[in-house]
Amino acid sequence: MPTLIRLVVILLVLAGLAYGAMFGLVAMVDPGEKDVTVRIPARDLIASPERAPVVRREIDTTRVAPAAEPAGAAPTPGTGEPLPAPAAPPAEDGTVVTVAPRGVE
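All residue numbers in the sequence shown are consecutive under my numbering, ending with 249.
It is possible that some hints are incorrect.
Claimed, not checked - Ranges between beta-carbon positions, derived for each pair:
1) T205 <-> R183: 39 to 49 Å
2) G176 <-> T242: 54 to 64 Å
3) D188 <-> L156: 49 to 59 Å
4) E202 <-> V170: 51 to 61 Å
5) L161 <-> D188: 46 to 56 Å
If you are wondering where the hints come from, they were derived from the structure by calculation, not from laboratory data. Quick reminder that beta carbons are idealized off the backbone N, C-alpha and C, glycines included.
Please work from the sequences and hints to get the whole structure.
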C-alpha cells in the first residue's frame, strides 16, 4: 500500500510540474504580431462565363402533369408476383415537369 501511495504522489507532483510549466509559458510568452499581405491576381477577381460554377436556366412551371390513372390491386404477399413499376409522366418536348406530392399544399 505505501508503494501505491508513493506512485500516486509522484504522479501528482509530475502533473503539477507540467501544469506549472504550461501556465508559465502562457504567462511569459507573448506572440509577436505582424502584417500579412496576400496578393490575388486580377484575372482571379473577374468572373468568366466558362468558369461559372452554376448555369441558370428557366424552368416552365406553368405546365401541369397529366392526371395519373388509379392504381390496380396490389399483389398479395407470398405469391411471388412482381410489383408493378411506377410510371412517371414523360416530358414530350424536353422541358421539366414538376410533380407535387399529394396532400402537400
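To see whether the hints hold, each was checked on the structure:
The hinted window of 39 to 49 Å between T205 and R183 holds, with their beta carbons roughly 46 Å apart. For the hinted restraint 54 to 64 Å between G176 and T242, the CB-CB distance of approximately 59 Å keeps it satisfied. Checked against the hint of 49 to 59 Å, the pair D188 and L156 passes, with Cβ atoms roughly 57 Å apart. At about 59 Å, the beta-carbon gap between E202 and V170 stays in the expected band of 51 to 61 Å.
Between L161 and D188 the beta carbons are some 51 Å apart, a value that agrees with the proposed interval 46 to 56 Å.
Of the numbered hints given earlier, the model fails none.
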